[in-house]
Amino acid sequence: MSTRVLVVDDEPALARALAVTLRAHRYEATVAHSGATALDAVASWRPDVVVLDLGLPDLDGMDVLRTVRSWSGVPVVVLSARQTSDDKVEALDAGADDYVTKPFGMDELLARIRAAVRRRPQDETPPVVATSAFTVDLGRHVVTTADGTEVRLTPTEWHMLEVLARHAGKVVGRRELLTELRGPHLDGESHYLRVYMAQLRRKLEPDPAHPRHLLTEPGLGYRLQP
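Under the numbering used here, the final residue of the sequence shown carries the number 743; numbering is consecutive throughout.
I should point out that these hints are in silico values taken from the structure, not numbers from a laboratory.
All values reported here derive from a predicted model rather than from experimental measurement.
One should not assume that every hint holds.
SDA-like mimics (lysine to any residue), calculated; alpha carbons at most 25 Å apart, straight line [what the hints assert, rightly or not]:
#1 K720 <-> R669
#2 K720 <-> H708
#3 K605 <-> A628
#4 K720 <-> T666
#5 K687 <-> P723
#6 K619 <-> T520
#7 K687 <-> E674
#8 K720 <-> T652
#9 K619 <-> T554
#10 K720 <-> R740
#11 K687 <-> G736
#12 K619 <-> D604
#13 K720 <-> Y709
#14 K605 <-> R631
#15 K720 <-> P735
#16 K687 <-> Q742
Could you put the whole structure together from the sequences, leaning on the hints where they help?
In C-alpha coordinates form, the structure reads like this:
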(Lines of atoms letter the chains of each structure in order from A; the text may use other names.)
(Lines give C-alpha, C1' and ligand atoms only; values in the text may rest on other atoms or scores of the structure.)
Protein backbone atom coordinates (compact mmCIF):
# COMPACT_ATOMS: atom_id res chain seq x y z
CA MET A 518 0.00 0.00 0.00
CA SER A 519 1.37 3.43 -0.94
CA THR A 520 2.06 6.06 1.70
CA ARG A 521 -0.82 8.49 2.19
CA VAL A 522 0.03 12.19 2.42
CA LEU A 523 -2.52 14.83 3.37
CA VAL A 524 -1.54 18.28 2.07
CA VAL A 525 -3.19 21.11 4.01
CA ASP A 526 -2.71 24.48 2.31
CA ASP A 527 -5.10 27.24 1.27
CA GLU A 528 -3.08 28.20 -1.82
CA PRO A 529 -4.72 26.10 -4.58
CA ALA A 530 -1.79 26.30 -7.00
CA LEU A 531 0.78 25.26 -4.40
CA ALA A 532 -1.42 22.50 -2.98
CA ARG A 533 -2.07 21.14 -6.46
CA ALA A 534 1.63 21.23 -7.33
CA LEU A 535 2.52 19.40 -4.13
CA ALA A 536 -0.10 16.72 -4.79
CA VAL A 537 1.09 16.21 -8.37
CA THR A 538 4.72 15.92 -7.27
CA LEU A 539 3.86 13.49 -4.47
CA ARG A 540 1.87 11.29 -6.84
CA ALA A 541 4.77 11.33 -9.28
CA HIS A 542 6.90 9.92 -6.45
CA ARG A 543 4.33 7.16 -5.85
CA TYR A 544 2.64 8.67 -2.83
CA GLU A 545 -1.12 8.73 -2.49
CA ALA A 546 -1.98 12.39 -1.95
CA THR A 547 -5.11 14.36 -1.15
CA VAL A 548 -5.58 18.06 -0.46
CA ALA A 549 -7.46 20.05 2.18
CA HIS A 550 -7.78 23.83 1.86
CA SER A 551 -9.12 24.55 5.35
CA GLY A 552 -8.55 23.47 8.92
CA ALA A 553 -11.99 21.91 9.31
CA THR A 554 -11.57 19.86 6.13
CA ALA A 555 -8.12 18.79 7.31
CA LEU A 556 -9.45 17.51 10.64
CA ASP A 557 -12.16 15.54 8.86
CA ALA A 558 -9.57 14.05 6.48
CA VAL A 559 -7.24 13.01 9.31
CA ALA A 560 -10.15 11.25 11.01
CA SER A 561 -11.70 9.57 7.97
CA TRP A 562 -8.88 9.14 5.42
CA ARG A 563 -6.19 8.30 8.01
CA PRO A 564 -3.07 9.63 6.25
CA ASP A 565 0.42 8.34 7.04
CA VAL A 566 1.77 11.90 7.22
CA VAL A 567 0.31 15.42 7.16
CA VAL A 568 1.97 18.40 5.47
CA LEU A 569 0.42 21.36 7.27
CA ASP A 570 0.46 25.05 6.39
CA LEU A 571 -0.14 27.28 9.41
CA GLY A 572 -1.95 30.08 7.56
CA LEU A 573 -5.42 28.68 6.94
CA PRO A 574 -8.64 30.63 6.28
CA ASP A 575 -10.81 29.21 9.07
CA LEU A 576 -8.57 27.82 11.82
CA ASP A 577 -5.03 28.73 12.72
CA GLY A 578 -2.71 25.92 11.77
CA MET A 579 -1.50 25.69 15.35
CA ASP A 580 -5.05 24.92 16.48
CA VAL A 581 -5.29 22.22 13.83
CA LEU A 582 -1.98 20.76 14.99
CA ARG A 583 -2.98 20.71 18.65
CA THR A 584 -6.36 19.17 17.87
CA VAL A 585 -4.83 16.40 15.75
CA ARG A 586 -2.23 15.74 18.42
CA SER A 587 -4.94 15.34 21.09
CA TRP A 588 -6.05 12.04 19.52
CA SER A 589 -3.62 11.00 16.78
CA GLY A 590 0.07 10.24 16.49
CA VAL A 591 0.18 10.82 12.72
CA PRO A 592 3.44 12.57 11.76
CA VAL A 593 2.96 16.26 10.93
CA VAL A 594 5.43 18.23 8.84
CA VAL A 595 4.69 21.95 9.13
CA LEU A 596 5.17 23.89 5.90
CA SER A 597 4.91 27.59 6.62
CA ALA A 598 6.02 31.08 5.66
CA ARG A 599 6.42 31.85 9.37
CA GLN A 600 10.17 31.79 9.84
CA THR A 601 10.90 33.03 13.35
CA SER A 602 12.46 30.78 15.95
CA ASP A 603 9.45 31.34 18.22
CA ASP A 604 7.06 30.01 15.56
CA LYS A 605 9.19 26.92 15.02
CA VAL A 606 9.55 26.22 18.74
CA GLU A 607 5.82 26.65 19.29
CA ALA A 608 4.97 24.21 16.49
CA LEU A 609 7.51 21.61 17.62
CA ASP A 610 6.36 21.90 21.23
CA ALA A 611 2.76 21.43 20.06
CA GLY A 612 3.68 18.11 18.47
CA ALA A 613 4.98 18.83 14.95
CA ASP A 614 7.56 16.30 13.79
CA ASP A 615 9.36 18.73 11.50
CA TYR A 616 9.20 22.33 10.27
CA VAL A 617 9.95 23.47 6.71
CA THR A 618 9.86 27.16 5.80
CA LYS A 619 8.59 28.65 2.54
CA PRO A 620 10.09 29.00 0.01
CA PHE A 621 11.38 25.44 0.06
CA GLY A 622 13.07 22.88 -2.14
CA MET A 623 10.90 19.95 -3.19
CA ASP A 624 13.73 17.46 -2.67
CA GLU A 625 14.15 18.67 0.90
CA LEU A 626 10.41 18.40 1.60
CA LEU A 627 10.30 14.86 0.20
CA ALA A 628 13.26 13.91 2.42
CA ARG A 629 11.50 15.35 5.46
CA ILE A 630 8.34 13.41 4.60
CA ARG A 631 10.30 10.16 4.25
CA ALA A 632 11.96 10.76 7.62
CA ALA A 633 8.63 11.52 9.31
CA VAL A 634 7.05 8.35 7.93
CA ARG A 635 9.98 6.25 9.17
CA ARG A 636 9.47 7.62 12.68
CA ARG A 637 5.77 6.80 12.75
CA PRO A 638 4.83 4.18 15.36
CA GLN A 639 4.05 0.94 13.56
CA ASP A 640 1.54 -0.29 16.12
CA GLU A 641 -0.86 2.64 15.85
CA THR A 642 -4.00 0.62 15.24
CA PRO A 643 -7.29 2.46 15.69
CA PRO A 644 -9.08 0.96 18.68
CA VAL A 645 -12.47 -0.64 18.95
CA VAL A 646 -14.43 0.71 21.91
CA ALA A 647 -17.20 -1.63 23.09
CA THR A 648 -20.02 -0.90 25.51
CA SER A 649 -22.97 -3.05 26.51
CA ALA A 650 -25.20 -1.11 24.09
CA PHE A 651 -22.96 -0.30 21.09
CA THR A 652 -19.48 -0.69 19.60
CA VAL A 653 -17.38 2.02 17.96
CA ASP A 654 -14.87 0.73 15.40
CA LEU A 655 -12.58 3.68 14.72
CA GLY A 656 -10.62 1.88 12.02
CA ARG A 657 -13.69 0.91 9.98
CA HIS A 658 -15.58 4.13 10.78
CA VAL A 659 -18.57 2.07 11.89
CA VAL A 660 -20.90 2.03 14.89
CA THR A 661 -23.01 -1.04 15.62
CA THR A 662 -25.59 -1.85 18.28
CA ALA A 663 -25.33 -4.87 20.57
CA ASP A 664 -27.26 -7.00 18.04
CA GLY A 665 -24.89 -6.07 15.22
CA THR A 666 -27.04 -3.47 13.49
CA GLU A 667 -25.06 -0.66 11.92
CA VAL A 668 -26.08 2.80 13.11
CA ARG A 669 -26.07 5.67 10.64
CA LEU A 670 -24.58 8.84 12.03
CA THR A 671 -24.15 12.27 10.49
CA PRO A 672 -20.54 13.41 9.95
CA THR A 673 -20.78 15.70 12.98
CA GLU A 674 -22.26 12.98 15.19
CA TRP A 675 -19.50 10.59 14.13
CA HIS A 676 -16.81 13.20 14.71
CA MET A 677 -18.03 13.88 18.25
CA LEU A 678 -18.36 10.17 19.04
CA GLU A 679 -14.90 9.49 17.63
CA VAL A 680 -13.27 12.10 19.86
CA LEU A 681 -15.02 10.64 22.91
CA ALA A 682 -14.08 7.10 21.88
CA ARG A 683 -10.40 8.00 21.53
CA HIS A 684 -10.56 9.23 25.12
CA ALA A 685 -12.83 6.45 26.38
CA GLY A 686 -13.30 6.57 30.14
CA LYS A 687 -11.94 10.12 30.34
CA VAL A 688 -13.67 13.48 30.37
CA VAL A 689 -13.31 15.51 27.17
CA GLY A 690 -13.74 19.21 27.87
CA ARG A 691 -16.34 21.36 26.13
CA ARG A 692 -13.71 23.62 24.60
CA GLU A 693 -11.82 20.70 23.08
CA LEU A 694 -15.01 19.28 21.59
CA LEU A 695 -16.06 22.65 20.19
CA THR A 696 -12.64 23.14 18.64
CA GLU A 697 -12.93 19.72 17.02
CA LEU A 698 -16.44 20.24 15.70
CA ARG A 699 -16.70 23.92 14.88
CA GLY A 700 -13.32 25.58 15.38
CA PRO A 701 -11.65 27.55 18.19
CA HIS A 702 -12.98 30.57 20.10
CA LEU A 703 -16.50 29.16 20.47
CA ASP A 704 -16.74 28.87 24.23
CA GLY A 705 -20.17 30.51 24.23
CA GLU A 706 -21.67 27.98 21.82
CA SER A 707 -21.75 24.89 24.04
CA HIS A 708 -25.46 24.48 23.26
CA TYR A 709 -24.35 22.82 20.00
CA LEU A 710 -22.73 20.08 22.05
CA ARG A 711 -25.97 19.43 23.94
CA VAL A 712 -27.82 19.07 20.64
CA TYR A 713 -25.27 16.63 19.19
CA MET A 714 -25.11 14.63 22.40
CA ALA A 715 -28.90 14.33 22.53
CA GLN A 716 -28.88 13.02 18.96
CA LEU A 717 -26.20 10.44 19.77
CA ARG A 718 -28.08 9.27 22.85
CA ARG A 719 -31.29 8.80 20.87
CA LYS A 720 -29.44 6.62 18.38
CA LEU A 721 -27.18 4.66 20.74
CA GLU A 722 -28.51 4.58 24.30
CA PRO A 723 -31.29 2.06 25.14
CA ASP A 724 -32.78 4.70 27.47
CA PRO A 725 -31.68 8.14 26.21
CA ALA A 726 -33.18 9.88 29.25
CA HIS A 727 -30.94 7.81 31.54
CA PRO A 728 -27.72 7.29 29.57
CA ARG A 729 -25.21 4.71 30.76
CA HIS A 730 -22.38 5.34 28.34
CA LEU A 731 -22.63 8.85 26.85
CA LEU A 732 -22.33 10.84 30.03
CA THR A 733 -22.37 14.54 30.88
CA GLU A 734 -19.85 15.71 33.43
CA PRO A 735 -21.42 18.93 34.79
CA GLY A 736 -19.21 21.96 34.38
CA LEU A 737 -16.54 19.94 32.57
CA GLY A 738 -17.64 18.21 29.39
CA TYR A 739 -18.60 14.71 28.24
CA ARG A 740 -17.34 11.17 28.66
CA LEU A 741 -17.82 7.88 26.84
CA GLN A 742 -17.93 5.21 29.51
CA PRO A 743 -17.36 1.67 28.12
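Cross-check of the supplied hints:
1. K720 <-> R669: Measuring from Cα to Cα gives roughly 9 Å; hence the hint holds.
2. K720 <-> H708: holds, 19 Å
3. K605 <-> A628: holds, 19 Å
4. K720 <-> T666: Holds. K720 to T666 sits at ~11 Å (cutoff 25 Å).
5. K687 <-> P723: holds, 22 Å
6. K619 <-> T520: holds, 24 Å
7. K687 <-> E674: holds, 19 Å
8. K720 <-> T652: Status holds; Cα separation ~12 Å.
9. K619 <-> T554: Holds: K619 and T554 sit about 22 Å apart, inside 25 Å.
10. K720 <-> R740: holds, 17 Å
11. K687 <-> G736: holds, 14 Å
12. K619 <-> D604: holds, 13 Å
13. K720 <-> Y709: Measuring from Cα to Cα gives roughly 17 Å; hence the hint holds.
14. K605 <-> R631: Judged against 25 Å, a Cα distance of about 20 Å means the pair holds.
15. K720 <-> P735: Holds, at roughly 22 Å.
16. K687 <-> Q742: holds, 8 Å
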